[in-house]
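Here the protein sequences come in this chain order: A and B. The letter at position 111 of the first sequence is residue 110 when you use numbering that gives the first Met the number 0, and the numbering goes up by one with no holes. The letter at position 411 of the second sequence is residue 410 when you use numbering that gives the first Met the number 0, and the numbering goes up by one with no holes.
These are computed hints drawn from the structure, not numbers from a lab. On a predicted model such as this, the values are computed, not experimentally measured, just so you know. Hints are supplied without guarantee of correctness; some may be wrong.
Once the Cα atoms are required to be at most 30 Å apart in a straight line, the calculated BS3-like pairs of lysine-lysine come out as [said to hold, decoys possible]: (1) B:K95 - A:K184; (2) B:K443 - A:K184; (3) A:K184 - B:K440; (4) A:K184 - B:K76; (5) B:K190 - B:K154.
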Amino acid sequence: MKKIYVILLFLAFSASAQEREVKTSKFVNQTEIALLAGRSYTGPGNYWPSYLSSYYPTTYIPTYTRGNTGTLSVQTFNGWRVKPRTALGLTTGLDAYQGALIMPVAAGIRQILFEKGPTLSKFQASLDLGTGTLWLDGEEGVSKKGGLMVNPAVGFVFPTRSGSAFLLNFGYKYQYYRITTAYDKENFTEETRNIKRLQLRLGFQF
Amino acid sequence: MTAFQPFPLKRGLSDTICNPDITMLRKILPFLILAALQWSCSDECTQTRTYTVWIPFTVGYETVRNGIASAEPQDLKEPGKIYAYKQYLLIGEVKKGIHVIDNSDPRSPRPVSFIKIPGVLDFVVKNEMLYADSYMDLVSLDLSDPLHIKETGRKTGMFNRGIWNGRSWYYDSRTQTITDYTKEVRTESYKTNCGNDEPRFIGMGGSYDQLSLNSGSSGSQGSPGGDVAGQGGSMARFTLYDHFLYTVTDTDLMVFDISNPSTPDSTGKINLGSGIETIFPYRDLLFIGSNTGMYIYDNQNPEKPERMSIFSHARACDPVVAENDRAYVTLRSGPCGAAQNQLQIINITNLQAPFLVKAYPMQQPHGLSVSGKTLTLCEGTYGLKSFDITNENSIKELQHITDHHAFDVIQLSGDILLVIGDDGFYQYSNANPSQLQLLSKIAKK
Chain A
0 MKKIYVILLF
10 LAFSASAQER
20 EVKTSKFVNQ
30 TEIALLAGRS
40 YTGPGNYWPS
50 YLSSYYPTTY
60 IPTYTRGNTG
70 TLSVQTFNGW
80 RVKPRTALGL
90 TTGLDAYQGA
100 LIMPVAAGIR
110 QILFEKGPTL
120 SKFQASLDLG
130 TGTLWLDGEE
140 GVSKKGGLMV
150 NPAVGFVFPT
160 RSGSAFLLNF
170 GYKYQYYRIT
180 TAYDKENFTE
190 ETRNIKRLQL
200 RLGFQF
Chain B
0 MTAFQPFPLK
10 RGLSDTICNP
20 DITMLRKILP
30 FLILAALQWS
40 CSDECTQTRT
50 YTVWIPFTVG
60 YETVRNGIAS
70 AEPQDLKEPG
80 KIYAYKQYLL
90 IGEVKKGIHV
100 IDNSDPRSPR
110 PVSFIKIPGV
120 LDFVVKNEML
130 YADSYMDLVS
140 LDLSDPLHIK
150 ETGRKTGMFN
160 RGIWNGRSWY
170 YDSRTQTITD
180 YTKEVRTESY
190 KTNCGNDEPR
200 FIGMGGSYDQ
210 LSLNSGSSGS
220 QGSPGGDVAG
230 QGGSMARFTL
240 YDHFLYTVTD
250 TDLMVFDISN
260 PSTPDSTGKI
270 NLGSGIETIF
280 PYRDLLFIGS
290 NTGMYIYDNQ
300 NPEKPERMSI
310 FSHARACDPV
320 VAENDRAYVT
330 LRSGPCGAAQ
340 NQLQIINITN
350 LQAPFLVKAY
360 PMQQPHGLSV
370 SGKTLTLCEG
380 TYGLKSFDIT
390 NENSIKELQH
400 ITDHHAFDVI
410 QLSGDILLVI
420 GDDGFYQYSN
430 ANPSQLQLLS
440 KIAKK
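Construct the complete structure from the given sequences, taking the supplied hints into account.
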């Protein structure tokens, strides 16, 4: 953590020390890698109806212990600068959770809130709103359907001389999805999952 | 590049968003912090599962032995086996009784009566005499007046167990009680671990499977000598030949002499191993479907059928029918085994050495019937299929009806198909096998 802090400080100073003409483009790409951190339950696996369940019916109350969880995700935002400080576009990527691999597809906005100069570090807010798709996460006999994805974040843009920039964002990610397993019309399960994660994103912009 | 803009005097929403002022930010900051604190980072996952359980109950033997009676027609609630006899159609109500329906006009079947038989699963009819299982007993009933049925004979303690939907009842001769089960579908919700360490037992299925029971497909039952017998099918456990009634339990082939129709007499029992499911008569042969293979028995001495050969296959649920030197076997994965779902065509020209001609993948095959060049196959929840089997190396699907469940079928003369499924009874005309025409249906209520 200390090292990251030092690097970020260095980047911030190196950017602010170079107040020169910076090339800007209408097109904005922000590509980031993220750590998704949250609290999840671990313990015995979910109970699925099986042949045995009908022979030895019992009321099953699973017990779980709550623990920290961390997974990775990558995302890319591609958009247009509609105002000098505002970019609108589409965000997609890959989010790995313990239970599913999700590809989000979202509309995104990137808004610079504060900047002292074009070559100096900026404070940015972003919001991605869309849906998560599970087409990459196929499994026989199981139907997985994605749902709402909301990802607000705030962070810093550290411009470089070439016009690109490094990014550091802190966000919150909510993802809903649903898993159904049908054995026949009398034996099936439907599980709804509300995944909530704090997000630390590192990346670059060009 | 635009530098930092001074705030205009009048501020619209977009300006506020794009150019927030610090004072305002300070105002909303406490709310933002509060909102952030409200946000949880704990996953919330809930699973709702619906599953089948079997609740045990006991039945005393007096209840079984005094339970036979005629009653007014009743609604179809849990359809079981179907059987065609003369103009009548008999539909089993699982373990409750038999619906007698006058099917003189297939477009408009008319309920006649309901025969209460505790524990009934399988039945056959010959010369106005109905033979049925009633839990552990074999009973014979005079069907000449369906409204006033008479019990004429009872062979007690013949069966120790019987299976339906993959669930067996048991008879304890010491206490003279039967332990049976009622099915209950439960739904419950609980919190899950959101996919952390989740084992998935895909394909285990529920215990819900019709396989081990009964019902019909074409295949005339042997009845030489001008006797009038009815017609059962590929999933039946009872069949008739000459003056013998054959029944299969999950381990034995039992032979009953019914030359005195009112009092069936047990004449023999042949142990077949385990996992026996269906019996189908063809010429002087008996085809017995088990969950590991197809047994062919020579029936020239009907009192003592002799085993000729076994055609083994992967472990699966397995009804069988035969026609024109070919046997047609459906294999279905389920509680009997996890083989692939398929239809197998087996050459039985040499009865000592049957061999596989070709196997075709299916979805959930149950009962089937063959008539000439047409094969009709029940696909369980996937419906009903009609095939042209002129070329056995390349059979053609002619039609697939998907709007109802089907687990057994009987082909009657006059191009009538009787089909039974979970949701009721259906009657089709298959004069044109590419375009089955629904004549009538009796829905489950």
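Taking the hints in turn, this is what the structure says about them:
{"no.": "1", "hint": "B:K95 - A:K184", "result": "holds (24 Å)"}
{"no.": "2", "hint": "B:K443 - A:K184", "result": "holds (16 Å)"}
{"no.": "3", "hint": "A:K184 - B:K440", "result": "holds (22 Å)"}
{"no.": "4", "hint": "A:K184 - B:K76", "result": "holds (17 Å)"}
{"no.": "5", "hint": "B:K190 - B:K154", "result": "violated (53 Å)"}
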